[in-house]
Amino acid sequence: NAGVMQNPRHLVRRRGQEARLRCSPMKGHSHVYWYRQLPEEGLKFMVYLQKENIIDESGMPKERFSAEFPKEGPSILRIQQVVRGDSAAYFCASSPLAGAGDTQYFGPGTRLTVL
Amino acid sequence: AQSVTQPDIHITVSEGASLELRCNYSYGATPYLFWYVQSPGQGLQLLLKYFSGDTLVQGIKGFEAEFKRSQSSFNLRKPSVHWSDAAEYFCAVGVSGGTSYGKLTFGQGTILTVHP
Chain C
1 NAGVMQNPRH
11 LVRRRGQEAR
21 LRCSPMKGHS
31 HVYWYRQLPE
41 EGLKFMVYLQ
51 KENIIDESGM
61 PKERFSAEFP
71 KEGPSILRIQ
81 QVVRGDSAAY
91 FCASSPLAGA
101 GDTQYFGPGT
111 RLTVL
Chain L
1 AQSVTQPDIH
11 ITVSEGASLE
21 LRCNYSYGAT
31 PYLFWYVQSP
41 GQGLQLLLKY
51 FSGDTLVQGI
61 KGFEAEFKRS
71 QSSFNLRKPS
81 VHWSDAAEYF
91 CAVGVSGGTS
101 YGKLTFGQGT
111 ILTVHP
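Protein chains in written order, with the numbering used here: chain C, 1 to 115; chain L, 1 to 116.
Just to be clear, a hint being listed does not mean it is correct.
No farther apart than 25 Å at their CA atoms in a straight line, the calculated lysine-lysine pairs in the DSS-like style are these [said to hold, decoys possible]:
| no. | chain 1 | residue 1 | chain 2 | residue 2 |
| --- | --- | --- | --- | --- |
| 1 | C | K27 | C | K51 |
| 2 | C | K62 | C | K51 |
| 3 | C | K71 | C | K51 |
| 4 | L | K68 | L | K49 |
| 5 | C | K44 | L | K49 |
| 6 | C | K27 | L | K49 |
Since the hints were made in silico from the structure, they are not lab data.
All chains should be built: construct the whole structure from the sequences, respecting the hints.
Pasting the structure below:
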């Protein structure tokens, strides 16, 4: 059973461009979480999605950021008009269930650099 | 709101020495607690978790953690550290209720350096 896959692993964008990050959850997992890790900081929750639904986006900036998890295909985190402050590692995690004690399995992350 | 504090940003130990990484949490209900490890350039791997029962939890790679409700702590321990344990360690609390549905709140992380 393949683990959580994220691509690209590294992404370089210039200010004002769009960044599109992909996450394929583990087989059988229908719950996806996105976290952001800024330099020298721990991971911060951004958004929680189930298939075709955003359940909790309380950690996601109101502007420029969006997420989706379509019925078919990977989950996408999209950042429009990137700024230097968006440079970070973005991690996706998936889980078969969504309880507080359920294990989340993390992907290797996408490291975004904004020039 | 829940929070997690890892007081030690960086810890250095000698190979073979014992290890304890501290974690304190703040949460209004029974916490679900996790320890993850992150090697450089990699994702997070679960070491162990606690949500009920025995307060001493065994994990992978010889790690264990003890939940102490009176101290709001969940410290990670290992009796003898190996050079391959050098990594960054994150403590996290799982949130329940409302639309939170298990999202994790992480501490700032502790970087472990192991000297030969």
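Going through the hints against the structure:
In summary, the hint linking K27 (chain C) to K51 (chain C) is supported, as the alpha carbons are separated by about 13 Å, within the 25 Å threshold. Restraint check for K62 (chain C) and K51 (chain C): the C-alpha separation of about 21 Å stays at or below 25 Å, so the hint holds. Between K71 (chain C) and K51 (chain C), the direct Cα distance comes to roughly 6 Å. Compliance with the 25 Å bound is thereby established for this hinted pair. This hinted pair checks out: K68 (chain L) and K49 (chain L) have alpha carbons roughly 14 Å apart, not beyond 25 Å.
The straight-line distance between the Cα atoms of K44 (chain C) and K49 (chain L) is roughly 19 Å, inside the 25 Å bound, and the hint therefore holds. Pair hint K27 (chain C) plus K49 (chain L) holds up; C-alpha atoms about 22 Å apart against a cutoff of 25 Å.
Hint compliance for this structure: no hint is broken.
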